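*Asks:* Now for the letters of each chain:
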Amino acid sequence: MNTIPSAPTETPIRFATARDYIELMKPRIMMLVVFTALSGLVVAQGVSGVTMNPVMAAITILAVALGSGAAGAINMWYDADIDAIMTRTSVRPIPSGAVPKEEALALGLIMSAASVLMIWLASNVLAAVLLTVSIAYYGWFYTMLLKRRTSQNIVVGGAAGAFPPVIGWLAVTGTAPLDAWILFTIIFFWTPPHFWALSLVAHKEYEKAGIPMLPVTNGAKNTRLQMLFYTIILVPIVLAPVVTGMAGWVYGVVGVLLNIGFLYFAVKVMGSKAGEADAGDPERKLAMSMFAFSILYLFGLFAALIVERGFGLYFPVGVI
Amino acid sequence: MTDDVKLDEADVAAARLKARKSRNVWLAWALVGFVVIVGATTAIRIQSSFADECTRLYFTGSMSDAAAEEKCRQDKVGPYRNDVEG
Numbered sequence: 001m002n003t004i005p006s007a008p009t010e011t012p013i014r015f016a017t018a019r020d021y022i023e024l025m026k027p028r029i030m031m032l033v034v035f036t037a038l039s040g041l042v043v044a045q046g047v048s049g050v051t052m053n054p055v056m057a058a059i060t061i062l063a064v065a066l067g068s069g070a071a072g073a074i075n076m077w078y079d080a081d082i083d084a085i086m087t088r089t090s091v092r093p094i095p096s097g098a099v100p101k102e103e104a105l106a107l108g109l110i111m112s113a114a115s116v117l118m119i120w121l122a123s124n125v126l127a128a129v130l131l132t133v134s135i136a137y138y139g140w141f142y143t144m145l146l147k148r149r150t151s152q153n154i155v156v157g158g159a160a161g162a163f164p165p166v167i168g169w170l171a172v173t174g175t176a177p178l179d180a181w182i183l184f185t186i187i188f189f190w191t192p193p194h195f196w197a198l199s200l201v202a203h204k205e206y207e208k209a210g211i212p213m214l215p216v217t218n219g220a221k222n223t224r225l226q227m228l229f230y231t232i233i234l235v236p237i238v239l240a241p242v243v244t245g246m247a248g249w250v251y252g253v254v255g256v257l258l259n260i261g262f263l264y265f266a267v268k269v270m271g272s273k274a275g276e277a278d279a280g281d282p283e284r285k286l287a288m289s290m291f292a293f294s295i296l297y298l299f300g301l302f303a304a305l306i307v308e309r310g311f312g313l314y315f316p317v318g319v320i
Numbered sequence: 321m322t323d324d325v326k327l328d329e330a331d332v333a334a335a336r337l338k339a340r341k342s343r344n345v346w347l348a349w350a351l352v353g354f355v356v357i358v359g360a361t362t363a364i365r366i367q368s369s370f371a372d373e374c375t376r377l378y379f380t381g382s383m384s385d386a387a388a389e390e391k392c393r394q395d396k397v398g399p400y401r402n403d404v405e406g
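Quick mapping for you: the protein sequence lines, in order, are chains A and B. For reference, each letter of the first sequence is one residue, going 1 to 320 in this note's numbering. For reference, each letter of the second sequence is one residue, going 321 to 406 in this note's numbering.
Among the hints, a few may not be true.
What the hints assert, rightly or not - Think about it this way: if two alpha-carbon atoms lie no more than 35 Å apart in a straight line, the pair counts; the simulated DSBU-like pairs of lysine-lysine are:
| # | chain 1 | residue 1 | chain 2 | residue 2 |
| --- | --- | --- | --- | --- |
| 1 | A | Lys26 | B | Lys338 |
| 2 | A | Lys204 | A | Lys221 |
| 3 | A | Lys26 | B | Lys341 |
| 4 | A | Lys147 | A | Lys221 |
| 5 | B | Lys341 | A | Lys101 |
| 6 | A | Lys221 | A | Lys273 |
| 7 | A | Lys273 | A | Lys26 |
| 8 | A | Lys147 | A | Lys285 |
| 9 | A | Lys204 | A | Lys26 |
| 10 | A | Lys26 | A | Lys101 |
| 11 | A | Lys208 | A | Lys101 |
| 12 | B | Lys338 | A | Lys101 |
Quick caveat, the hints were computed from the structure, so don't treat them as lab data. Since the structure is predicted, the reported quantities are computational estimates derived from the model, not experimental observations.
Given the sequences, and given the hints that come with them, work out the whole structure.
*Replies:* What follows is the structure, encoded as structure tokens:
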């Protein structure tokens, strides 16, 4: 970031650098998206026996990353007003004055087109269509329609982040069988407890910005209960790949251990005062620990799938 | 005081130019990368369509080869599969 004092007593003027544009693309979300798309791509090859040209596979993953970045930039363009209100997001490129709003929108739209074209060239039209749908789902449906209107924004909007493994699968086989949709469902049901753990800590910020996050509309206790509910639902869904034969022992053991950990946090958060007005530092730390563990949880599950199917460590459990 | 303001304005202009140049370089690299990617995917697709007559996507110079078409019909694969009965 280039900063320079505009006058001895004024706020420094900021000029955007490449780093600001990368920030616009929400790189942390992009990492998770890329990882889950890669997982879908690897597992599809292992399950179907169809192999994809490695260069085409790399371009497909790059396209998914760009698509994610494009949706992130569109989200930041639309949410610039509320980002400026919340302390956590006030340092983002648009509210901090580094990047003009119009540039963020242009970047998002151009990258959307480029990513869809790239994935179409590298794989097939179905993968390109689903990437288009996922960009529109996050950039328009979640950001512009759901986020400011309903407390279920995270639940419905969670589908946007769940598409990448299906896109990866489609890119390889041109089809999206049950196994691909199981991966979708894992991310879909993982998103609410993951995000609400963070919103239990940041609920005052959301309230200030007028965002109807669940802790703001329904209270902290109801949020903690729903987090536990979604975590319990997640247990059989996470173990479903073992039943269908998509995953084997490695994933099964990792899945059971991670589920125990996630349930432990969900139960502990449920019994705490996290998100309440009189919550202290230990409660905030507990909620943040669950948020951090949830990221490890998803990475762990998809890493186990990649290890099994990508490195020849698949040993079927033989449930069916 | 006037000199100070002038100096600041010059610094701002220089910083703005530096930032713009940096952005332009990144943009140029992004465009080069995009062209390389499109070129690479096209080359790989053409290469694979030469390797497989029946599933080719691009004209390979053998469209009029009746024997190749007949073979694809019999194998029930490729662009001719819609012509196959059943």
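*Asks:* With reference to the structure, classify each hint as holding or not holding.
*Replies:* Evaluated hints:
| no. | hint | result |
| --- | --- | --- |
| 1 | A:Lys26 <-> B:Lys338 | holds, 25 Å |
| 2 | A:Lys204 <-> A:Lys221 | holds, 15 Å |
| 3 | A:Lys26 <-> B:Lys341 | holds, 24 Å |
| 4 | A:Lys147 <-> A:Lys221 | holds, 21 Å |
| 5 | B:Lys341 <-> A:Lys101 | holds, 20 Å |
| 6 | A:Lys221 <-> A:Lys273 | holds, 8 Å |
| 7 | A:Lys273 <-> A:Lys26 | holds, 31 Å |
| 8 | A:Lys147 <-> A:Lys285 | holds, 26 Å |
| 9 | A:Lys204 <-> A:Lys26 | holds, 23 Å |
| 10 | A:Lys26 <-> A:Lys101 | holds, 15 Å |
| 11 | A:Lys208 <-> A:Lys101 | holds, 22 Å |
| 12 | B:Lys338 <-> A:Lys101 | holds, 21 Å |
Going down the numbered hints, you'll see the structure goes against none, and every one checks out.
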